[in-house]
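Starting from the known structure of chain A, fit chain B onto it as the hints suggest.
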Amino acid sequence: GENVEQHPSTLSVQEGDSAVIKCTYSDSASNYFPWYKQELGKRPQLIIDIRSNVGEKKDQRIAVTLNKTAKHFSLHITETQPEDSAVYFCAASIDSGGGADGLTFGKGTHLIIQP
Amino acid sequence: DTEVTQTPKHLVMGMTNKKSLKCEQHMGHRAMYWYKQKAKKPPELMFVYSYEKLSINESVPSRFSPECPNSSLLNLHLHALQPEDSALYLCASSQEGARVTEAFFGQGTRLTVV
Chain A
1 GENVEQHPST
11 LSVQEGDSAV
21 IKCTYSDSAS
31 NYFPWYKQEL
41 GKRPQLIIDI
51 RSNVGEKKDQ
61 RIAVTLNKTA
71 KHFSLHITET
81 QPEDSAVYFC
91 AASIDSGGGA
101 DGLTFGKGTH
111 LIIQP
Chain B
1001 DTEVTQTPKH
1011 LVMGMTNKKS
1021 LKCEQHMGHR
1031 AMYWYKQKAK
1041 KPPELMFVYS
1051 YEKLSINESV
1061 PSRFSPECPN
1071 SSLLNLHLHA
1081 LQPEDSALYL
1091 CASSQEGARV
1101 TEAFFGQGTR
1111 LTVV
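Residue numbers (my numbering), protein chains in the order written: chain A, 1 to 115; chain B, 1001 to 1114.
Calculated from the structure, these hints are not laboratory results.
For glycine and all other residues, C-beta sits at the position ideal for the given N, C-alpha and C.
Take these hints with a grain of salt, some might be off.
[What the hints assert, rightly or not] Computed spacing ranges between beta-carbons, pair by pair:
{"id": "1", "chain 1": "B", "residue 1": "H1079", "chain 2": "A", "residue 2": "N53", "range": "41 to 49 Å"}
{"id": "2", "chain 1": "A", "residue 1": "T78", "chain 2": "B", "residue 2": "S1055", "range": "22 to 30 Å"}
{"id": "3", "chain 1": "B", "residue 1": "K1040", "chain 2": "A", "residue 2": "L46", "range": "15 to 23 Å"}
{"id": "4", "chain 1": "A", "residue 1": "E5", "chain 2": "B", "residue 2": "S1065", "range": "29 to 37 Å"}
{"id": "5", "chain 1": "A", "residue 1": "Q60", "chain 2": "B", "residue 2": "H1079", "range": "25 to 33 Å"}
{"id": "6", "chain 1": "A", "residue 1": "T69", "chain 2": "B", "residue 2": "N1017", "range": "48 to 56 Å"}
{"id": "7", "chain 1": "A", "residue 1": "A29", "chain 2": "B", "residue 2": "N1017", "range": "38 to 46 Å"}
{"id": "8", "chain 1": "A", "residue 1": "I62", "chain 2": "B", "residue 2": "S1059", "range": "30 to 38 Å"}
{"id": "9", "chain 1": "B", "residue 1": "K1038", "chain 2": "A", "residue 2": "H72", "range": "22 to 30 Å"}
{"id": "10", "chain 1": "A", "residue 1": "I62", "chain 2": "B", "residue 2": "S1055", "range": "26 to 34 Å"}
{"id": "11", "chain 1": "A", "residue 1": "R61", "chain 2": "B", "residue 2": "H1079", "range": "41 to 49 Å"}
{"id": "12", "chain 1": "A", "residue 1": "P115", "chain 2": "B", "residue 2": "S1059", "range": "38 to 46 Å"}
[To be verified] Residues of chain B clear of chain A, computed beta-carbon distances all greater than 12 Å:
{"id": "13", "residue": "M1032"}
{"id": "14", "residue": "E1067"}
{"id": "15", "residue": "N1075"}
{"id": "16", "residue": "V1113"}
Just chain A, with the same shape it has in the complex (with noise of 0.2 Å):
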């Protein structure tokens, strides 16, 4: 099955600067890598998602990149505001046209924004 790995584990940064969160996928026939946010004691939230067919999007402050042949992919958060601290899931799952597979999660990363 899929294996998703994240880095890091845990992100500090300052207020205004950026962050970025890594993850590798292990499954060439993933092809969908949605990122989630988590607030303590809340329900995930999709903040971005990519296919395989497409290299970049950005949305506002966030862009997520996919590299298909290194089977990784990026989460860049610009300007980091104290209600980005969260924790982050990276996900990736297999677009088969035709069946909910569900989805295969990181471990996640804590990101802590300083003030």
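Coordinates of chain B only, in the frame set by chain A:
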């Protein structure tokens, strides 16, 4: 309405009890999921339902029994659980079709087995 609603929010049960977790969505999603999340760990997939039929069982012990009575509801029946089954149980749903789409998660049921 982009809500996935889970009940109860908290549940404490003994090892000989039988209880059920419930999940409901009204987004017209035909794929529904159960995930288990231990503290400081990622969600782990347990079951996938597609068009009310069980399509994936990730080798989950039989003391967990899923049920999908209709396209809006998903249940997880619990029986003879162990203390190590204590966790946050998350339900999720997504559209089913030609492309994988965003999975919406419920708030979860925090289960404690005593």
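We went through each hint and held it up to the structure:
1. B/H1079 x A/N53: 41 to 49 Å: holds (45 Å)
2. A/T78 x B/S1055: 22 to 30 Å: Roughly 39 Å apart at Cβ, these two residues miss the hinted range, so it is violated.
3. B/K1040 x A/L46: 15 to 23 Å: holds (21 Å)
4. A/E5 x B/S1065: 29 to 37 Å: holds (32 Å)
5. A/Q60 x B/H1079: 25 to 33 Å: Once the Cβ atoms are compared, 47 Å apart, the range 25 to 33 Å for B/H1079 and A/Q60 is violated.
6. A/T69 x B/N1017: 48 to 56 Å: Holds, at about 51 Å.
7. A/A29 x B/N1017: 38 to 46 Å: With a Cβ separation near 41 Å, A/A29 and B/N1017 satisfy 38 to 46 Å, so the hint holds.
8. A/I62 x B/S1059: 30 to 38 Å: The hint (30 to 38 Å, Cβ to Cβ) holds, given that A/I62 and B/S1059 are roughly 35 Å apart.
9. B/K1038 x A/H72: 22 to 30 Å: holds (26 Å)
10. A/I62 x B/S1055: 26 to 34 Å: With Cβ atoms ~32 Å apart, the hint holds.
11. A/R61 x B/H1079: 41 to 49 Å: Roughly 47 Å apart at Cβ, these two residues keep to the hinted range, so it holds.
12. A/P115 x B/S1059: 38 to 46 Å: holds (45 Å)
13. M1032: violated (8 Å)
14. E1067: holds (17 Å)
15. N1075: holds (18 Å)
16. V1113: holds (20 Å)
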